[in-house]
Amino acid sequence: MLLCLTDGGIALFCVNPTSWQIIVFIYIYIYIYIYMGNVHSDKAGQFFNSGHTNNWAVLVCTSRFWFNYRHVANTLSVYRSVKRLGIPDSRIVLMLADDMACNHRNPKPATVFSHKNMELNVYGDDVEVDYRGYEVTVENFLRVLTGRLPASTPRSKRLLSDDRSNILIYLTGHGGNGFLKFQDSEEISNVELADAFEQMWQKRRYNELLFIIDTCQGASMYDSQVGEDSLSHQPDLAIGVHLMDRYTFYLLEFLEDIHPSSTTNMNQLFKVCPKSQCVSTPGRVLITDFFGSVRKVEITMETINLSSPMEPLPERILSEDRQRETQYYVDQLPVSGIIHQKAKQRDWHPPDGFILGLWTLILIVFFKTYGIKHLKHIF
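All the letters of the sequence shown, read from the start, carry residue numbers 1494 to 1872 under the working numbering.
Careful, some of the hints might be misleading.
Stated by the list, open to error - No farther apart than 20 Å at their CA atoms in a straight line, the calculated lysine to any residue pairs in the SDA-like style are these:
| hint | residue 1 | residue 2 |
| --- | --- | --- |
| 1 | LYS1609 | ALA1731 |
| 2 | LYS1601 | ASN1670 |
| 3 | LYS1576 | PRO1643 |
| 4 | LYS1674 | ALA1731 |
Said to hold, decoys possible - Restraint-style ranges between C-beta atoms, simulated for each label pair:
| hint | residue 1 | residue 2 | range |
| --- | --- | --- | --- |
| 5 | LEU1642 | ASP1677 | 32 to 42 Å |
| 6 | GLU1746 | GLU1621 | 50 to 60 Å |
| 7 | ARG1651 | ASP1688 | 49 to 59 Å |
| 8 | ASP1750 | SER1583 | 25 to 35 Å |
| 9 | ARG1598 | LEU1849 | 22 to 32 Å |
If you're looking for bench data, these hints aren't it; they were derived computationally from the structure. Yeah, the Cβ is synthetic: ideal placement off N, Cα and C, and Gly gets one too.
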């Protein structure tokens, strides 16, 4: 007789036993069976005790008007990064107070750039804006966070999180000590924001929450620290405005090196700004706990009734679909080379002082040649 010890159908070893060897073999088999069962139980317990099964993002630009171009670029850059790391549009609430892509001052319509060489367009074909223009208000923002929305509000405009959701909340715009401006006409205070977070906690709408605010005096929205301004970055002469804020620029540069399975933690993220602004020690929290998707699954013994298979479409409809124009997306990745590359050589334009001096020289030569009496023929 030949006895074999197996694991998952794979033979570990085989023996031709005597009676005492059979007893030892049975003991070994029982021990391994119990040990492997405990390992699988521990893994399942760790999953169900982790408290984190899905990620959401609420990204808000609160500024209007052309000279706040950088705030829209800030928000779209973070939006692009979280989508690249796996969070779908169905779990992103994007709020843009102005449409810079279609602004009449934009020299390149339907684009928003976050780099001065105008090679990284963060306004791609797949941008889904949930709240735009005058929909971006303090009231709507607080309603999204707390879930107090009218019954007619579509799913795409709702934050459908639960007590196992990690939520990234990103705000950019203009602010002051203890407030953030919306649309240059109203403000949200730090007290109102703290109350919204408290309501979210009481209603079990999140497991962990990462709050990033890139504004002047942003730290005063959650602490008593004041006097820290948000500085603009990346000026572009062709567009005529700054393209991003400093902190978000380095945040985007940092996120470009992150992939969905990355083990980079939050402690490394907070090194993109001075310690005076980011005094925190969240070293054990992974970047992808907030900026990426979650690949965990929950096992259930419930029976789920699936709908009947869909009927095939008629050949006429299929042929019409084939004749339509093929949709495609602009390839925007990778961008690491774009961010780190040297600036292109710009076309030379004479300064204003040079032009004024040239006209002065022409007038002097004219007066020396013809005299002032011929001046009336010019005017």
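For each hint, the structure was consulted:
For the given pair, LYS1609 sits about 9 Å from ALA1731 by alpha-carbon distance, which is consistent with the 20 Å threshold. A hinted pair counts as satisfied when its Cα atoms are at most 20 Å apart, and LYS1601 with ASN1670 does not qualify at roughly 36 Å. Distance restraint check for LYS1576 and PRO1643: the Cα-Cα separation of roughly 27 Å exceeds the 20 Å cut-off, and the hinted pair is therefore not satisfied. With a C-alpha separation of about 28 Å, the suggested pairing of LYS1674 with ALA1731 is violated against the 20 Å cut-off.
In this structure the supplied range 32 to 42 Å is violated for LEU1642 paired with ASP1677, their Cβ-Cβ distance being about 25 Å. Checked against the hint of 50 to 60 Å, the pair GLU1746 and GLU1621 fails, with Cβ atoms roughly 25 Å apart. At roughly 20 Å, the beta-carbon separation of ARG1651 and ASP1688 lies outside the given 49 to 59 Å, and the hint is violated. The supplied range of 25 to 35 Å is met by ASP1750 and SER1583, whose beta-carbon atoms lie about 26 Å from each other.
Checking the proposed 22 to 32 Å range against ARG1598 and LEU1849 shows it holds: the Cβ atoms sit about 27 Å from each other.
Against the hints set out earlier in the document, violations occur for numbers 2, 3, 4, 5, 6 and 7.
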